[in-house]
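With the sequences and hints as input, model every part of the structure.
Heads up: the sequence shown begins at 1 in the numbering used here, then just goes up one per residue.
Worth flagging that the hints you see were computed from the coordinates, not collected in a lab. We treat Cβ as the ideally placed atom computed from N, Cα and C, and that holds for glycine. A few of these clues could be false.
[Stated by the list, open to error] Okay, the calculated beta carbon distance ranges per label pair:
id	residue 1	residue 2	range
1	N359	T426	26 to 36 Å
2	K81	V196	49 to 59 Å
3	V202	P35	25 to 35 Å
4	S197	L303	28 to 38 Å
5	A374	R401	29 to 39 Å
6	S421	R378	42 to 52 Å
7	D28	S131	19 to 29 Å
8	G405	A298	23 to 33 Å
9	V205	S243	40 to 50 Å
10	S242	K331	22 to 32 Å
11	D300	H221	23 to 33 Å
12	R401	K81	20 to 30 Å
13	E34	K249	30 to 40 Å
14	M229	K249	26 to 36 Å
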Amino acid sequence: MPEKILMPQLGESVTEGTVAKWLVNVGDQVKKYEPICEVITDKVTAEVPSSFNGTISEILVQEDETVAVGDLICLMTNSEKASSSETTTSIGNPSEGVVSINQEEEKPRFSPLVLKLAQEHNLELSMIKGSGAGGRITRKDILEFVKEQGNKQVAATVVEEVPTIDPSTVLPPKQKRDNLKTTVQENISTTTSADVSSGDQVIPVTNIRKTIANRMVESKHTSPHAWIMVECDVTNLVKYRSSIKEDFKKKEGFNLTYLPFFIKAVVESLKEFPILNSQWTGQQIVIKKEINISLAVATDQELFVPVIKDADQKSIYGLAKTINQLATKTKEKKLTMEDMSGGTFTVNNTGSFGSVLSNPIINQPQAAILSVEAIVKRPVVINDMIAVRDMMNICLSLDHRILDGLVCGRFLDSVKQKIESYGSDTKIY
1 MPEKILMPQL GESVTEGTVA KWLVNVGDQV KKYEPICEVI TDKVTAEVPS
51 SFNGTISEIL VQEDETVAVG DLICLMTNSE KASSSETTTS IGNPSEGVVS
101 INQEEEKPRF SPLVLKLAQE HNLELSMIKG SGAGGRITRK DILEFVKEQG
151 NKQVAATVVE EVPTIDPSTV LPPKQKRDNL KTTVQENIST TTSADVSSGD
201 QVIPVTNIRK TIANRMVESK HTSPHAWIMV ECDVTNLVKY RSSIKEDFKK
251 KEGFNLTYLP FFIKAVVESL KEFPILNSQW TGQQIVIKKE INISLAVATD
301 QELFVPVIKD ADQKSIYGLA KTINQLATKT KEKKLTMEDM SGGTFTVNNT
351 GSFGSVLSNP IINQPQAAIL SVEAIVKRPV VINDMIAVRD MMNICLSLDH
401 RILDGLVCGR FLDSVKQKIE SYGSDTKIY
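Put into structure tokens, the structure is as follows:
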């Protein structure tokens, strides 16, 4: 009998995924470990592999449909068990992507997210008509039902409930996060339609773009953003890098950019001002021991934020190598959940495309994000004389619930001093 393939758990705190693209059709023969579909979460795009040889029997979730972790997405016959008459129940870990069950009487099955929403809104699921595969009730069905019923009082009650804070988590309380996410998604989905005229180009919003939109709006709803900027004289760094970059590329096989120098300065300053490397939980501020630098990497259509783990333990060479590896994996769409998780502070290299000033949005639940801008030659007054120097702005957006201007000003000044101190005696290895 066909076995069930469920939406896998693609990372801690990930509760749902969107089937972006099916890589197989009904009737296709699939080998073990062969990817059968691409799934997008709010953190990463991943392929779901088959854990056995078999044939696709039925596809139950359409492309662009979002379902909860553990929901059924398709059925497959297992050629490895075709001759077996074993009927013992075998339920695996959803993270393995494929779960097998025995034949039993089919009962209505609901995802944990659907059950949770039904409980929060005090709903009988039998009252709701499902729009999913086989009449399955989805989160969207419940939210639309609540909206139609005008059950504002119930929704307000849910918002006012005070959840129990788990000290082990650095995220905002989950219930508040879920409510906020729902509000954000509703705000985005209810955006007024544009007036499209003849000749206008209409571009469908991809799942990646939806995810970016959700996270950016959520961040602006969550953190009161403040902003500060200083300028750096990077003349000595420019001369130093120019003197070693060719030999570095011949020796290491990749370019030595300015970015590892900047990240090194940021990491050392985070050690001096650890409150910048913290997160807000609602009841606590958690200063993170690890210094993991999230790095914004953009492609032509998408934006990803892989993480340099233990950045404080790396030399400039080590940072340069990791940056090159993450950038390559981003371009080749080979980032994993491990690559994308655990960030504690974000550096955004907006100068790579010529920006001289930016106001970045905080990468939740971090306390701040720093952008390094383009290096430009400008006349500067030094000792009452005008000199032409290589100048660069560094900008910081901060969560004003955690940070104030004084400590952030001192932090930025520390970063500036370190960047301006680079020169011929700077160690790369």
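### Query
Is it true that S242 and K331 lie within 22 to 32 Å of each other by Cβ?
holds (26 Å)
### Task
Determine whether the Cβ-Cβ distance between S421 and R378 falls within the hinted range of 42 to 52 Å.
violated (20 Å)
### Distance restraint evaluation - N359, T426, Cβ atoms, bounds 26 to 36 Å
With Cβ atoms ~30 Å apart, the hint holds.
### Message
Verify the CB-CB distance for S197 and L303 against the hinted window 28 to 38 Å.
### Response
holds (29 Å)
### Query
Between G405 and A298, does the beta-carbon spacing fit 23 to 33 Å?
holds (29 Å)
### Query
Holds or violated: 26 to 36 Å for the Cβ distance of M229 and K249?
Holds, since M229 and K249 (Cβ atoms, about 32 Å apart) stay within the stated range.
### Message
Taking the Cβ atom of K81 and the Cβ atom of V196, is their distance within the range 49 to 59 Å?
### Response
holds (53 Å)
### Message
Against the range 19 to 29 Å, how does the distance between the Cβ atoms of D28 and S131 compare: consistent or not?
### Response
holds (26 Å)
### Task
For the range 40 to 50 Å, tell me whether the beta carbons of V205 and S243 fit it or not.
Given a distance of about 47 Å, which is inside 40 to 50 Å, the answer is holds.
### Message
Given the hint of 25 to 35 Å, is the C-beta distance from V202 to P35 inside that range or not?
### Response
holds (31 Å)
### Query
Measuring from beta carbon to beta carbon, are A374 and R401 in 29 to 39 Å?
Hint holds: Cβ distance 31 Å, inside 29 to 39 Å.
### Query
Is the distance from the Cβ of E34 to the Cβ of K249 consistent with 30 to 40 Å?
holds (38 Å)
When held up to the earlier numbered hints, the structure conflicts with 6 and 12 and fits the remainder.
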